[in-house]
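Peer 1: Take the two lone chains, each set in its own frame, and fit them into one complex as the hints suggest.
Heads up: the sequence lines are chains U and P, in that order.
The first sequence begins at 266 in this note's numbering and counts up one residue at a time.
The second sequence begins at 2 in this note's numbering and counts up one residue at a time.
By construction, these hints were calculated from the structure, which means they are not laboratory data.
Mixed in with the good hints, there may be bad ones.
[Stated by the list, open to error] Taking lysine to any residue pairs in the SDA-like style, the calculated list, with each CA pair at most 25 Å apart, reads:
#, chain 1, residue 1, chain 2, residue 2
1, P, 67, U, 286
2, P, 67, P, 80
3, P, 36, P, 69
4, P, 39, U, 454
5, P, 55, U, 436
[Claimed, not checked] Pulled from the structure, derived: some chain P residues nowhere near chain U, Cβ distances all over 12 Å:
#, residue
6, 2
7, 3
8, 45
9, 55
10, 81
All values derive from a computational prediction rather than experimental measurement.
Built from N, CA and C at the ideal position, the CB exists for glycine as well.
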Amino acid sequence: MISIGNDIIALDLIDAGRTIQPVFYSRILDPSETGFFPGLSPLPFERYVWLLWSIKESVYKCIRRVQPELRFSPRKIIVKQIDWSSDTYRSLVYINSIPFYAQSRVNEKFISTLATNGTGFGNICWDIQQIGQTDPESQSQQVRRALLERLRSFFPNDRLQIERADAGYPVLVKNSSPTNLPISFSHHHNLVFYSFISPS
Amino acid sequence: MDRQEILDELKKVLTPYTANKEALNSLNEQTDLIKDLKINSANLVDIFIDAEAKYDIEIDMDSAEKIHDVGSCIDVIMEKLGQQK
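Chain P on its own, in the form it takes in the complex (with noise of 0.2 Å):
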């Protein structure tokens, strides 16, 4: 899985806790969580949960710690799905 395809997947685990909808239609490595998407943070847990679902990978705390943005989730993904190798 390349970061692109990673993104597109990545879109439908955010939409239901996506507050703003218009800023999914732009959604980039760039987009922030909180301040761009407005999740509230009491759903950053959901979100960690339905990605470790969506991957069949396990985000630790020390990871879950370092995700802001789509990019940062995105490497994490990455590093998860490499370590199953």
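Looking at chain U on its own, in the form it has when it is part of the complex (with noise of 0.2 Å):
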């Protein structure tokens, strides 16, 4: 089963001073991960460790569909490989042998990923949106409604609406029924971020 998960960071809210002490960053790195950093200069310490926080994330969205008991864990999912060129940054995770692939892209306002266990992103549609309020609830509001919208242009006859599964993960309902169609979605501060596995 294909899936997606994604994952937005937004650089004003991170404590870079926080971030680059081992006490913290230990918490979301592997030693074996911290061996990509001098590789992928001039990126500074602390959006490393939220680039690969952010990967961990998406991929932990993406797996859920799959194994929704799993609970995310950070250490437990570990980056192989990263590779960069100009600002996006592709990698592979490794979850019990299962292959992930994950985008991302670090600019000077957020850090977003994109991850999937399918063999490329072409077929992904997404977007990243800036919103004037950043309460949870009008996050929620605001990355639904630009994800059904987006949709509507693929289903412009039917009714479509967004649930959650008891696992957690977001289900698109078309005319009253659940579909397989992979979506997902997040926030954080005035940033929302949805992606769709293209059904045409």
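Peer 2: Structure, rendered in structure tokens:
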């Protein structure tokens, strides 16, 4: 079953001083992962830590659709490889011998990651938007509104809504029936990020 | 320290990271950190570190994995405090 997951980190909200303390980053990074950092220069270390968090969270969201009982434990999701070009980072993660692929962007405002267990990103539709209100209800409403608006271009004659599965992942409901179309969304501060596998 | 005392102190740890301030007023052991308090998952590491400092304990990876609501958080803190005796 092909799945996806995404995550976004608003860099305005990260505490760089705290992030670079070993007591903090050692809860996120496996010792083997600190070895990638010198090769990813000029990324500041605090952004590297949050890049890896973002990859791990996205992969977790991706696998949760397949293994709903799994709990998020960043140190147990290990990034095996990262390559970068300009502001894009491509990584490979294995969980129980299953490969996951992640594609991240890092700029001055945010770190975003899209993860999949599929073979590529070409068929994944996504968008990141800035919103005015940063309270949880507005974040939740805005990301769902943006996602549904985009999905309506694929399903113009259907009644669409988003619900949560018991395990917590979002489910697209079409004409009152749950679909298997993988969708994912995230929000942080004034940023919302949605993604789904193109149904066409 | 009993569970109620830990809950009262834990409320102070959670406050800076809680987006839903109303839920803090009715905080109980069933309160889910992410679903009810709307804590961003990116702040969970901050909460573990603050709780460790407050209670002078160490919350290891396996224990952190068990924490999802206030009750499970109290369970872990009590377990770690018990190990100090």
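Peer 1: All the hints need checking, so say for each whether the structure fits it.
Peer 2: Consistency of the hints with the structure:
no.	hint	verdict
1	67(P) x 286(U)	holds (24 Å)
2	67(P) x 80(P)	holds (12 Å)
3	36(P) x 69(P)	holds (9 Å)
4	39(P) x 454(U)	holds (12 Å)
5	55(P) x 436(U)	violated (39 Å)
6	2	holds (23 Å)
7	3	holds (27 Å)
8	45	violated (8 Å)
9	55	holds (14 Å)
10	81	holds (15 Å)
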